Amino acid sequence: MMAPTPGEACRVRSQNCLTLYQLEGFQFQPDPSEDRKMSTTKRPFLDTVIRYGSYPLILRHRRGALRWARGRLAVFPDSAAPRWAAALACVALLERRRAFHSGWGRDHRDSKCDAIHAAVNLLVLLAVHGVVAALAPLWSAGTWWPDRWPLWAQALTVGAVLDLSLYGVHWLSHRAAWLWRFHAIHHSSERLYWLNGERRHPLHAGMMAAPGLLAVVLMGAPAQAIGAWLGLLAVHLAFQHSNLDYRVGPLRFVIGAAEVHRWHHKREYEDAQVNYGEFWMLWDHLFGTFRLPKHTLGANEVGLKEADFPMEYGPQLVYPFRRRPAAADVSADDHGLPAPPSCARRALPLLARPPAICAPRGVPMNWAISWRSLTLACTCAATPRCSGWLGEPATLRR
Numbered sequence: 001m002m003a004p005t006p007g008e009a010c011r012v013r014s015q016n017c018l019t020l021y022q023l024e025g026f027q028f029q030p031d032p033s034e035d036r037k038m039s040t041t042k043r044p045f046l047d048t049v050i051r052y053g054s055y056p057l058i059l060r061h062r063r064g065a066l067r068w069a070r071g072r073l074a075v076f077p078d079s080a081a082p083r084w085a086a087a088l089a090c091v092a093l094l095e096r097r098r099a100f101h102s103g104w105g106r107d108h109r110d111s112k113c114d115a116i117h118a119a120v121n122l123l124v125l126l127a128v129h130g131v132v133a134a135l136a137p138l139w140s141a142g143t144w145w146p147d148r149w150p151l152w153a154q155a156l157t158v159g160a161v162l163d164l165s166l167y168g169v170h171w172l173s174h175r176a177a178w179l180w181r182f183h184a185i186h187h188s189s190e191r192l193y194w195l196n197g198e199r200r201h202p203l204h205a206g207m208m209a210a211p212g213l214l215a216v217v218l219m220g221a222p223a224q225a226i227g228a229w230l231g232l233l234a235v236h237l238a239f240q241h242s243n244l245d246y247r248v249g250p251l252r253f254v255i256g257a258a259e260v261h262r263w264h265h266k267r268e269y270e271d272a273q274v275n276y277g278e279f280w281m282l283w284d285h286l287f288g289t290f291r292l293p294k295h296t297l298g299a300n301e302v303g304l305k306e307a308d309f310p311m312e313y314g315p316q317l318v319y320p321f322r323r324r325p326a327a328a329d330v331s332a333d334d335h336g337l338p339a340p341p342s343c344a345r346r347a348l349p350l351l352a353r354p355p356a357i358c359a360p361r362g363v364p365m366n367w368a369i370s371w372r373s374l375t376l377a378c379t380c381a382a383t384p385r386c387s388g389w390l391g392e393p394a395t396l397r398r
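The sequence shown lines up with residues 1 to 398 when you count with the UniProt record's numbering.
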């Protein structure tokens, strides 16, 4: 009789151990990641293509946005919205083939709410984009914009400015208690999948989009470059919150792929103050908030610690304005943070002054608005009550 090979002997020992455990009353529970390993044995080539090729292949399709952008003013509503929907559909189908966590693929009574959030926030983004585009002729053309660059280079420049703005508002949303009440809705999901990337309060979605769009318009960026980048960002965000087990290789240190952004959704508040970037990780590296642990994020490690967080769309809309009970874990009053309306009331006289008063002095109107915004921000930051409001961590019921 021939002696068994080392591989056969190993399989026999494993089977004997499993039989012994079953006889002793134990139940064998494989690691959740084994589902992904087992699926690769059926169609390894297809799984490899999905894992390493889905993101670049679908994102490459967004190059069509540049062709759409040439000569079109309303590029974002015309091109990005349907392509964003097509990207979501592709990610949803790919999730069924190669899920990161199989449990995240099951409905948690949140699909309907997330669908409403996605539809409403798309309308909000279109509205903000439309308002900014409509107001653009009122301001003199910016002199800071490299308008002689090719369109793809201008789109990347728009992306750098927009992503810095998104990073700043995102960081403030975790620091300011009143902003966290809006942003907590985004972190309330108990799973990450293709639809809940836009689970955001519509007011917070507008606050996230408006500063960056206003900045690039004041700098003189053309609508074509803005629309091209927004279309690219929409497809990227569909991947960023997906339940798709995909990889981007060394680019994970450069762009906010899902394997990086998932750590931002950890249930423990202290561990979630990382990876704020929407697309680029440049600002996270620059400000020291980039983290990429080597182990895998567990299926039950995302969400909020708050047990009674509303699950329906209507209650989530009123959640930021709901009065906190006296027994709340941590409230804004515990940090001595002022209510934001008091700061807003002090800022109204400055904002109410028409910027046209600077025009007779030879100062470009967009420069005047930018200077006023900068001085207003510095004034608020120098005010003790406002600086405390911006600087304290928003550990509100996390």
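Because the hints were derived from the structure by calculation, they are not lab data. Fair warning: there could be bad hints in the mix.
Stated by the list, open to error - Derived DSBU-like pairs: lysine-lysine, alpha-carbon spacing no greater than 30 Å straight-line:
no., residue 1, residue 2
1, Lys305, Lys112
2, Lys266, Lys294
3, Lys112, Lys266
4, Lys305, Lys266
5, Lys305, Lys294
Here the structure is a predicted model, which means the values were calculated and not measured.
Status of each hint after checking the structure:
no., hint, result
1, Lys305 to Lys112, "holds (22 Å)"
2, Lys266 to Lys294, "holds (15 Å)"
3, Lys112 to Lys266, "holds (23 Å)"
4, Lys305 to Lys266, "holds (10 Å)"
5, Lys305 to Lys294, "holds (24 Å)"
The structure is consistent with each of the numbered hints, conforming to all of them.
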